[in-house]
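Here's the letter readout for the chains.
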Amino acid sequence: MKGFYSLLKKDIRLMAAGKFFVMSLIFLILYTLYVNFGYVRFMNMQIYSVYLYDPAGTQKTVSPLIHSVSSRKELDAALLRDTSSVGMDASTGEVKIVLYDATEQTNLHRADYALSLLRSSASRSPEIIGTNTPEQKARKEITCELLFFELTAVGFLGIAAVLFKEKGMGVIRVHAILPVQKKLFLLSKLVVFLLSDLCFAVLLTLLNTGFSDGVVLLPAVLLQTAVLSLIMALAGLLCALLLKGFRQFTLAYLVIAVFAATPVFLSANTPVKFDWINLHPFYHIYMGLKNAYFETTVSPAYYISSACAIALLFFVVQLAFHREMEKEG
Amino acid sequence: MKGLKYQLKSIYRDKFCLMTFLLPILVAVTLNFTGSIDLSPQGEFHFGILENDLSPQVLSWLKQYGSVEHFETMEELTAAINEPSTVVIGVKADGQSIRTIISGDELDIFRQAASNFPILYEQREAVRRTEIQVMKQPDVLAGFQDMFIAITLIVAMFMGCTFNAMNMISEKEDGVAFVNEILPMTPSQYIVQKIAVGFLCGCLSSVITACICYRLSWQSAGGMLALIVLSSFVAALFGLFIGRFSNGLMAGVGYIKIVMLLFIAVPIACALIDVSGPPALLCYLVPSRPALEGIMALSSGNAGTALKDVGILTIHCAAWFVLYIWISARKRRQV
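Chain order of the listed sequences is A and B.
The first sequence begins at 1 in this note's numbering and counts up by one.
The second sequence begins at 1001 in this note's numbering and counts up by one.
Excised from the complex, chain A in its bound form:
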């Protein structure tokens, strides 16, 4: 136990020396600023603007949502500025709709929507069955994305950076003759990364989804964070043990980050669905995290398979570690 404690202390010191904690803190601040001052404001999309050119005043009941323009020229300019808007030209006595082409269904809806504004009728509010407001949804969504990105990035890269450093210093060689269990060397690293990831998740969630919302989500989010953190840390360890240098590792990693994460984000956040996405392991992990944020249940099969994956990865990492120690003599 004493051996484990000193290993733990050594790992924390090593990470602090590599500015690991400072980097995490900087990214936490960056992300929080982005969510609170950038993202929430971007996510605002109003329904189409409607412009009416009606010099003779033929339309009597005009909804306040309609913008009046004074000439055909002004109407055309307004349409060009915002190509999803709808123009109505009533200069000939009959209303004519002018709009820029989108899809056939959207064109029809825009036209009918604009015409409906010319007739007075009480707006019928739709029945609301969800619990989130648009802002809450946007905050949860972006927090989930950032957390996923940061966990895959920091867990993976950080553990590899630490291990490469130790490899370079010859710690693995020294470890082979130390009187501590070989497993502890790996376990202490996992524990340190798990704890730092959990702290990061707590802070990110509370700062960006709001305190009262965040506290409710935390248990589920932390469980998913633990799963993701362990998998990424083990994968990082494995890569660090198998690859030659850190440079190779980061190049490979950047490629993974850009090209492997993009389809997952597309499938999970937009209506775009790829047929093969179910085969992408990160998709399931990401959806697990997302489900935690939106308080939907996760199937037990996911937990079983991630537990299996973690166990398998740990086993493989141990094998690689032993091989490395033997190679070092």
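FYI, nobody ran anything at the bench for these hints, they're computed from the structure.
Ideal Cβ placement from N, Cα and C applies to all residues, glycine included.
A portion of the hints provided could be inaccurate.
Quick list of in silico lysine to aspartate or glutamate cross-link-like pairs, EDC-like style, CA-CA up to 16 Å [said to hold, decoys possible]:
id	chain 1	residue 1	chain 2	residue 2
1	B	LYS1092	B	GLU1122
2	A	LYS167	B	ASP1174
3	A	LYS167	B	GLU1173
4	B	LYS1136	A	ASP76
5	B	LYS1136	A	ASP101
6	B	LYS1257	A	GLU150
7	A	LYS165	B	ASP1174
8	A	LYS244	B	GLU1171
9	A	LYS244	B	GLU1173
Computed far set for chain A versus chain B, every beta-carbon distance over 10 Å [claimed, not checked]:
id	residue
10	ARG13
11	SER68
12	ILE310
Now the in silico label distances, taken between C-beta atoms and shown as ranges [claimed, not checked]:
id	chain 1	residue 1	chain 2	residue 2	range
13	A	ILE177	B	VAL1322	48 to 56 Å
14	B	GLN1133	A	PRO300	54 to 62 Å
15	B	SER1085	A	LYS96	36 to 44 Å
16	A	PHE21	B	SER1085	32 to 40 Å
17	B	ARG1124	A	SER63	14 to 22 Å
Since the structure of chain A is provided, determine the placement of chain B on it from the hints.
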């Protein structure tokens, strides 16, 4: 020249590094052969209805506006409406009219449309006789496919940045940086060699990617080449900056992460949401912004914008290069 040969030889040995430069090309090939990815724009409607709830007339009326999905039970419909990644508007029969159900977390456009649908249904007879004039979209980004390709190209261009930065940092870590200082090599030779490696590989990778993805006229090809050469040069320079300023692997990775995020996020954000005024000018400070704009302009045949972007990139190249030379000259004087 001889030094450059050694640099290239060291890359050649490093198979892994070669693969990273090949990856954007692989992605380009995949994008080219998988055909178009259906990225239907947001703003299209998806309706969820209960089996046997709506009359055939209502159903065919709904289908004019969007796709309709049938659900067996109310629970399934509720789950589909609440699913955060899609926007499904629930529609139920309500006497002679219809009633809409939403989750409440949708963007304003969907909430407003949902409250408008019952009205549209009641007025369906009255609105049919109106003439609709549909105009062709002006200067539209031809789908997201182009954007995907352009981003791949940008990633290819900026691979040189990562490569240079990592190269310099690992030289620092291994102590090769000290050896370099006593080698019979002038500082300018060193800078040229270091830039050249990342620059050449980035260029080569981007040129191949561009050849696979675009069928350009000779004139546009010239513009594209200029864009590629200039962006790869800026990227290689950025790599040198990162390499010079980071004193450890972790810090280097952090800087690369920030630079990559900026390089990818800023141009995408600028292309998706119309930014105007001072913020738009500020975006041009990130070199990938004019690069992306130029590529998109070339693929849609807009030579004027592309020329402007080439000009901006040239200024970037000159400014960053002078800054780098100035910094290293000052450092030397201090030593």
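These are the hints, each one checked on the structure:
1. B:LYS1092 - B:GLU1122: 14 Å, holds
2. A:LYS167 - B:ASP1174: The hint holds at about 13 Å.
3. A:LYS167 - B:GLU1173: With a Cα-Cα distance of about 13 Å, the restraint between LYS167 (chain A) and GLU1173 (chain B) holds, given a limit of 16 Å.
4. B:LYS1136 - A:ASP76: 13 Å, holds
5. B:LYS1136 - A:ASP101: 5 Å, holds
6. B:LYS1257 - A:GLU150: Holds - the C-alpha atoms of GLU150 (chain A) and LYS1257 (chain B) are around 11 Å apart, at most 16 Å.
7. A:LYS165 - B:ASP1174: 11 Å, holds
8. A:LYS244 - B:GLU1171: Measuring from Cα to Cα gives roughly 15 Å; hence the hint holds.
9. A:LYS244 - B:GLU1173: Holds, because 14 Å separates the two Cα atoms, which is no more than 16 Å.
10. ARG13: Check passes; 14 Å lies beyond 10 Å.
11. SER68: Nearest chain B Cβ is 19 Å from SER68 (chain A), so the label holds.
12. ILE310: Per Cβ check, ILE310 (chain A) is outside 10 Å of chain B; nearest 25 Å; holds.
13. A:ILE177 - B:VAL1322: 48 to 56 Å: 54 Å, holds
14. B:GLN1133 - A:PRO300: 54 to 62 Å: 57 Å, holds
15. B:SER1085 - A:LYS96: 36 to 44 Å: Taking Cβ atoms as reference, SER1085 (chain B) and LYS96 (chain A) lie about 38 Å apart, which means the hint holds.
16. A:PHE21 - B:SER1085: 32 to 40 Å: 33 Å, holds
17. B:ARG1124 - A:SER63: 14 to 22 Å: 18 Å, holds
Of the numbered hints listed earlier, not one is contradicted by the structure.
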